[in-house]
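J.: Quick note, the sequences are listed as chains L and Y, same order.
Per this note's numbering, the first sequence starts with residue 56, numbered consecutively.
Per this note's numbering, the second sequence starts with residue 56, numbered consecutively.
The set of hints was computed from the structure by calculation and includes no laboratory data.
All values derive from a computational prediction rather than experimental measurement.
There could be a bad hint or two in this list.
Said to hold, decoys possible - Incomplete in silico selection of chain Y near chain L, CB under 7 Å:
#, residue
1, I61
2, L63
3, P73
4, W178
All residues carry an ideal CB built from backbone N, CA and C; glycine is no exception.
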Amino acid sequence: MRAKPVDLTKILKGVGPGWAAISSDYKKLVAKGKDLKTVRLKIKDVPAGSVVLMPVVKNFRNVVLMVE
Amino acid sequence: MNFPYIKLPGLTRRPVVPVVFTHKQTAIEPVMCVVDSGADMSYFDLDLASELGLTVKELKRIDSWDITGHIFWGCLSDVNVVIGGHEFKIPAIFSDQITRPFCVLGQEGLFDQARITFERYKWNIDIRPRTDLN
Chain L
56 MRAKPVDLTK ILKGVGPGWA AISSDYKKLV AKGKDLKTVR LKIKDVPAGS VVLMPVVKNF
116 RNVVLMVE
Chain Y
56 MNFPYIKLPG LTRRPVVPVV FTHKQTAIEP VMCVVDSGAD MSYFDLDLAS ELGLTVKELK
116 RIDSWDITGH IFWGCLSDVN VVIGGHEFKI PAIFSDQITR PFCVLGQEGL FDQARITFER
176 YKWNIDIRPR TDLN
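Required output: the full structure, derived from the provided sequences and hints.
T.: Here it is in structure tokens:
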């Protein structure tokens, strides 16, 4: 079954650099902060499973990584 | 499990999926990670290691190179990730040297244990454990 499309462009516009907490239905920004610890402190009272975390930057770019 | 590609500011839709990280008795909220078949390894923010309770000083340091040839270092550790309710143990590099918008799920480990189907034409990615493994 095809998953429902998700668009985060509006709620992440102007957010970052840092980390963001987004509602698990991807509909609203719950918290933002300069680092992961800060954001996790802000959402410590939020029910488990109701948010997802994400590193954010002002301009999202393509990434390719390799390692030896 | 099927996940939608996610549209982010200034970029086309990407295969970004929620991943729960666990280490010993610690689990943190799901972190959105891009599934990157072009990355040999998985790369995560060094902050994530600290939040998981990993002792960064005790981890093996390893060098990586980005596509421009720029070298950066990170700390290598196995980590448990839960994707769509399925748990996988994968090697990961934690680094504060990466200027990137994503946590990256690369090939090593995950692509060995899971069947991953990119269906960009439907903006869908399907990740599920291999059924031919015990």
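J.: Does each hint hold? Answer for all of them.
T.: Hint by hint, here is what the structure shows:
no., hint, result
1, I61, "5 Å, holds"
2, L63, "5 Å, holds"
3, P73, "5 Å, holds"
4, W178, "6 Å, holds"
In summary, the structure agrees with every hint in the numbered list given earlier.
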